[in-house]
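Undergrad: Take the given structure of chain A and dock chain B to it, following the hints.
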Amino acid sequence: MRFRRPGAAPAADDVADPARGIELRGVGHRYGQRVVLDGVDLTLTEARVGVVGANGSGKSTLARLLNGLVVPTEGRVLVDGLDTRTQVRAVRRRVGFVFQDPDAQIVHPTVAEDVAYGLENQGVPPDERAARVAEVLARYGLAGHADHPAHLLSGGQKQLLAIAGVLVMRPARVVFDEPTTLLDLVNARRVAELIAGLEQQVVVVTHQLDLLDGFDRVLVVDGGRVVEDAAPGPAVAAYRALMAVR
Amino acid sequence: MTLALYVPGTGVVHRLPAAAKLLALAVLAVALFALPSLAAAGAALAGVVAVGLLLARLPVAVLTRQARAVVWWLVALLAVHALTTDLRTGAHVALRLLTLVLAAAVVTATTRVSEMVRVVEAVCAPLRLVGVRPARVGLAVAMALRFIPVLVERADRIRAAQAARGGSPRGVRALRTTVAPLLVQVLQMAHDVSEALDARGADDDPSPRRRAQEAP
Chain A
1 MRFRRPGAAP
11 AADDVADPAR
21 GIELRGVGHR
31 YGQRVVLDGV
41 DLTLTEARVG
51 VVGANGSGKS
61 TLARLLNGLV
71 VPTEGRVLVD
81 GLDTRTQVRA
91 VRRRVGFVFQ
101 DPDAQIVHPT
111 VAEDVAYGLE
121 NQGVPPDERA
131 ARVAEVLARY
141 GLAGHADHPA
151 HLLSGGQKQL
161 LAIAGVLVMR
171 PARVVFDEPT
181 TLLDLVNARR
191 VAELIAGLEQ
201 QVVVVTHQLD
211 LLDGFDRVLV
221 VDGGRVVEDA
231 APGPAVAAYR
241 ALMAVR
Chain B
247 MTLALYVPGT
257 GVVHRLPAAA
267 KLLALAVLAV
277 ALFALPSLAA
287 AGAALAGVVA
297 VGLLLARLPV
307 AVLTRQARAV
317 VWWLVALLAV
327 HALTTDLRTG
337 AHVALRLLTL
347 VLAAAVVTAT
357 TRVSEMVRVV
367 EAVCAPLRLV
377 GVRPARVGLA
387 VAMALRFIPV
397 LVERADRIRA
407 AQAARGGSPR
417 GVRALRTTVA
427 PLLVQVLQMA
437 HDVSEALDAR
447 GADDDPSPRR
457 RAQEAP
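Line by line, the protein sequences are chains A and B.
For the first sequence, the working numbering gives the first residue as 1, with consecutive numbering after it.
For the second sequence, the working numbering gives the first residue as 247, with consecutive numbering after it.
Chain A on its own, in the form it takes in the complex (with noise of 0.2 Å):
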């Protein structure tokens, strides 16, 4: 239980609103002179997002708002009413980020002391950090590495291992940054199928269409725009159809 001091401001866990999802309100970026992305305007709230473009389309600029990693320079980005500006830690806690490559993400030598790392920041007790970090490697199919050096590890299990290290920390979201590129067609599969098993809401950014398969609804930009907003279906053919004039 906790104590909190008379007139002090309500905990972050306490104002949040899950109902009210990812929340983006004429969000801009821009890197310096460059526009980015430019008058996003989106509510999030499906289960399953796929957001597609072509390179430098700003599709990871718009990806890394989603947890507060880039803090939009025009309008508001909120998680579950939880602004990403000035509630970043509680933003954070609740949407993990996997990125495309794994060995940017794993900063412990072994296996299992990586997936505790997220833990420890949180504050988790010892056992219960022992307890979720071996039935997170178990669940992945990792349990016979716990104690193995992470870059001995074939790219498939180094990314399951930073994809581990996410959901261990029981986010409610997760936002994947092109989860497949660096794998082959077996690994690729096993992620695609991993993600299509959370329990969590997911965004996907990826080149790889066939991902999308089953999602509830793809974004496609070009340009820092959102410039189509679809089911898979009619999104994708739009996407194919942009890509076609170029």
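These are computed hints drawn from the structure, not numbers from a lab.
Honestly, I wouldn't trust all of these hints.
Here chain A is said to cover these stretches of chain B; the calculated rule only asks that three of the stretch's residues, wherever they fall, bring their Cβ under 8 Å from a Cβ of chain A [as the list claims (entries may be wrong)]:
#1 376-389
#2 393-400
#3 421-431
#4 437-444
Residues of chain B placed beyond 12 Å of chain A at every Cβ, according to the derived structure [unchecked claim]:
#5 GLY288
#6 ALA307
#7 ARG334
For glycine and all other residues, C-beta sits at the position ideal for the given N, C-alpha and C.
TA: Chain B in isolation, oriented as in the chain A frame:
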């Protein structure tokens, strides 16, 4: 390249606290140099090997791999002493170095990096008074161990890419043509890693005071 040496086990050496093992290693280092006897150094080497193989039950390969890594240094030391002092002194110096290398291998093979990091954090705790965050120091140690093999792999990849295009620079030119692109990649990776650390809550502090600040 094998930097993370931890070998899982449940023996008495594995169960010893990391701080005790690191302290024992420090005491051994001082004792080896305090006792100017070849026999004592030989006994220490035998003791370290016995602890590693019999008590910790480490595979012989763990110790031989470390010994092989320094064998040319030992030969060089022997040669230098043979020329400048005498062979006995050279053997003594080489024996001390080998003993310490193997003792360090036993400690790292029986201790998880996270346990070592906790010792580093505990040692650095007083530095909080001057604004140092011990958790950051511990993370830096763990990340150094994690990323050395990654950087070696990236350097190998750059050399392979150059070789595939007919380049086989040597000497200073090889250093320049490898170091410059490696530096660019390292800086890019540092940016990516800093994003990943942010995403995984590196800035979170589990202390109740910091949690209270989370309130809007």
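Undergrad: Could you work out which earlier hints the structure fails to respect and list their numbers in ascending sequence?
TA: 3
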